[in-house]
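**Student:** Chain residues, written in single-letter form:
2 protein chains.
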Amino acid sequence: MEIKVAVAKTTRYAMEFCGDTCDIAERPQGGLSLILADGQGHGLSAHHTSSLVVNKAVSLIGDGTRDGAVARAVHDYLYAVKDKKVSCTLTVVSADLDTQTMVISRNSNCPVIIKTDEYTCVYDESVNPIGVHHHTKPVMYEVPMEEGMVIISYTDGIQSAGRKTNGKTADFKKILAIAEHSRAEDAEFIADSIMAYALKLDENKAGDDMTVVVMGVCGSNDAAVKIRKVNVNFPL
Amino acid sequence: MEIKVAVAKTTRYAMEFCGDTCDIAERPQGGLSLILADGQGHGLSAHHTSSLVVNKAVSLIGDGTRDGAVARAVHDYLYAVKDKKVSCTLTVVSADLDTQTMVISRNSNCPVIIKTDEYTCVYDESVNPIGVHHHTKPVMYEVPMEEGMVIISYTDGIQSAGRKTNGKTADFKKILAIAEHSRAEDAEFIADSIMAYALKLDENKAGDDMTVVVMGVCGSNDAAVKIRKVNVNFPL
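These protein sequence lines are chains E and S, in that order. Each step along the first sequence adds one to the number in the numbering used here, with nothing skipped, and position 153 is 149. Each step along the second sequence adds one to the number in the numbering used here, with nothing skipped, and position 110 is 106.
Simulated from the structure, these hints should not be mistaken for laboratory data. Some clues are possibly wrong.
Note that the list lumps identical chains together, so a pair holds whenever it fits in one copy or between two copies.
As the list claims (entries may be wrong) - Below, in silico cross-link-like pairs of lysine-lysine (DSS-like), each with a Cα-Cα straight-line distance of 25 angstroms or less:
1) K81 / K170
2) K170 / K222
3) K225 / K81
4) K133 / K78
5) K201 / K169
6) K222 / K201
7) K81 / K196
8) K78 / K170
9) K164 / K222
10) K170 / K225
11) K160 / K222
12) K222 / K196
13) K170 / K196
For clarity, every value in this text was computed on a predicted model and none was experimentally measured.
Using the sequences and the hints given, assemble the complete structure.
**Tutor:** Written out as structure tokens, the structure reads:
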């Protein structure tokens, strides 16, 4: 099998700093975790908040901390250092090779979509963001890792795209259709397509910071040697 | 401008765990850092060592720590927790937007190559790995960030490729030629080409863990919206 991860991220129009932060961490017991946070507000302060949250989560995951404890520890940390005053969403999607499951931990107002060859499922129960309420816990989901599985999430810049230009927001059915018509191998295409759809609604002037993350579980390829690859494009 | 980063990594033939670890961290004052470590030995213990080193470095860089202090702090940490008994190479390549320079910190037996439109330069002074000698410091280099700049480094699995199959090791001139005939936009191609060259010498049975890292400073593209992208392929 092969895990593919794709992230596409852009900053609110005319803003220098992005309040969304996303990172990928290797799990010491095998596998990858994709961490996505959207800090309260915009600009530099939101950027600092989400960076703080993601860096803490990356560090804990690197230590081998289980995902449920990561979300709790990061909440407690933000709650303490920002004195309960700053909220942040946090979504962690893990391909856990130790348990051969996908583990999802959500403290976000945005959904997580899981699509397999057999079913499509949307996790969007109401849950608090971290940082402001006492003893906040994540909503956790765990499903067996399957070839062909695609997991998608995003921040609310995607969800609310179009609000400023035409008063409507993104049509969730269209986002779902992109997922349903794509394969796990197309992780990059899925991320780019959802980003392109949102930017089109905002007429290329993003109304809010936008991030899309996609994780795909692909069948093994035929390469003679397994080569792990990371590619980053970072426009300044 | 746009920073492109490419990483290609493979594990020693028939080994489950890779002793090389590589990660990319966003700098809080702007820019990216590429961190590469090769832990002493092979397999799980080397994997743990290099993960420990890279995770510590990522965390410090995320805190805003300057690169020279990162290398020193990570050395002191490894030196303490492994009781001076375990060595690890550490190379950090940073695109520092705050100073508009590329900062390179080396504690490795492998070179760092810088290629610009005007010059090619190889940094390969002898320097200790971290973890075993009292108060180890990195060799530091700092050069102005320029469009067209390409920075390449790798671990010794690349350098020693071919030793087991034909008693010879990789021809550095060939690696340099790949750099000199490529552009900053081709970061992924450069990483893939150097990896392919090394694997060919080892007849597709890597004699050691191999990692190539490339950072390119490209001119700005014409896209209407700046989208930051990360793509990972993680074969299991």
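**Student:** Going back to the hint list, which numbers does this structure go against?
**Tutor:** 1, 3, 7 and 8
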